[in-house]
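In order, the protein sequences belong to chains A and B.
For what it's worth, our numbering labels the leading residue of the first sequence as 3, then goes sequentially.
For what it's worth, our numbering labels the leading residue of the second sequence as 34, then goes sequentially.
Certain hints may be false.
As the list claims (entries may be wrong) - Computed beta-carbon distance windows for the label pairs:
no.	chain 1	residue 1	chain 2	residue 2	range
1	B	GLU192	A	GLN202	33 to 41 Å
2	A	ILE22	B	SER35	57 to 65 Å
3	A	PRO25	B	VAL48	51 to 59 Å
4	A	LYS135	B	ASN195	53 to 61 Å
5	A	ARG216	B	TYR58	37 to 45 Å
Worth flagging that the hints you see were computed from the coordinates, not collected in a lab.
Think of the CB as a built atom: it goes at the ideal place given N, C-alpha and C, for glycine as much as any other residue.
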Amino acid sequence: MREPNHARRLMLIWLIATVIVTPLVVILVGPNIPPGNASEQASGHVTDNTVLLGMATPVLLLVLIYLAYAVIFFRQPQGAALEGPALRGDTRIQTVWIVVTSLMVLVLAVYGTVRLLADNGAGSGSGPNPVAKPSGPKLPVQVIAQQWAFTYRYPTYGGVETPHLELPRNQMVELHVTSLDVVHSFWAIQLGVKADANPQVDNVVFVKPTHLGRFEVRCAELCGIWHGQMFDYGHVVTPASFQQWIHQQQVTFAPVTRKLPPYKTTYLPEPTRRGE
Amino acid sequence: MSLLVRKLLAVGGTVIVLGVLIALYVNSWATSFPTSVNATKTPRQAGASLTLETVAAIGPKYSPAHPDWVSYLVRRDGKWFRSTIFTVPAHSVVHVTIYQYDGDSGLRNPFLSQVQGTVGGTETVDGKTVRGIDPEEASHTFAVPELGILVPLPGVPEEAKNQCEFAPCEGAAHRTITFSFRTGAKGRYHWQCFVPCAAGWLNGFGGPMQTLGYMDGFIDVT
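Sequences are here, hints too, so could you generate the full structure?
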């Protein structure tokens, strides 16, 4: 019996599967990928993850289809113990493989770089001097990590420090993330923000919340016995509600605000009298 | 029985015995929680009461392995007991008294020197009602972050006579702090000290700050 052209059959099956499955994955799965759309940065993550998923789907299909095809058609006949034909390389396959994978990696590298710059760091910690900064007014908020809680300081509101984070909707926020002790990581999950909180480092993140509601804050760096308990909830509120809330915080914490050190991007806390 | 089978049985048996021993050790380590202490029902006030003590060194009587570690103690049936897991009733007021026998260390974040989450937003220090203390004078805190409770505890002045060396510290120089807080729904909430008070550890953050049963624990609201 004449051997069929396996390569052509495989390619045909893969092509049909790709044309059907990839749009379904992009349309049905893509919008449901975390972190959601609570901020411009989070929406950007969903877009990026959808693009990555869209590119990965054909690759995954190729692997799965080839596996299934091999199991069905290249099965060893029962009772036979035959060696397959020796393969000594195939310039055409190798060239296609190198060109396709190189192209994919290059495209992803360019895409990732463009997206990082266009989205002002895409919610990641960009260090003390971010390359890409959004234009227009920004609300600075300092995130202070310590074992085992985050507190927040608003320098444009008299330097008041608060135990919880509230942000106004549709306002670009400039987060300055730092730590007073060990390395932590500030992760505002639904806002698509994640930034290392290192002592003596001002790690800047830009985020623009777009939807009202609650978001979860967690430490994403193993930081000691209560790392798992280092969580809190923040809120995105209307600008009017934010003004009301921040003024209430200023009143509540007025006594302790007077005891705080002047606002700085990093702190070297003293005393460390009991430490070495 | 062939030599090979005997060898396999010997190796297999040894591996199983070692595996069981390792599992027992890991299990005993992972489940070595301090005993939970119930808050006392208060006859005159609604709710329950907890009486605690903080000491600079727990001493060999309460912790032979770490006698020089800073620690909390709790009073149960009139006696001091080393545990940091407390059981309190849900939807009630818990009255806490802390006898503070340790010196000051200072807070790394002065923000934590203001009382938060207690009834009235206050504590009493040696009978005087205050809303906060000097951050430099803080010795410890009693904080339950999930419940929004933060109570800074001032230290015993350096010049005070009769400083406590090891627990128990009755009769030694101390500060008395009282406060009340309301409990809500049932649940397990962690509490901790925010002052880096572990003497001899890097920046005061090791040892008793990182070990359940000394400067941190759980409040079981039942």
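Hints and how they fare:
1. Distance hint check: the CB atoms of GLU192 of chain B and GLN202 of chain A are about 34 Å apart, consistent with the given range 33 to 41 Å.
2. A hinted range of 57 to 65 Å for the beta carbons of ILE22 of chain A and SER35 of chain B is consistent with their spacing of about 59 Å.
3. Remark: the range hint 51 to 59 Å for PRO25 of chain A to VAL48 of chain B is upheld by a beta-carbon distance near 53 Å.
4. In this structure the hint that LYS135 of chain A and ASN195 of chain B lie 53 to 61 Å apart at CB holds, the actual value being about 60 Å.
5. Here the CB-CB span from ARG216 of chain A to TYR58 of chain B is close to 42 Å, well matched to the stated 37 to 45 Å.
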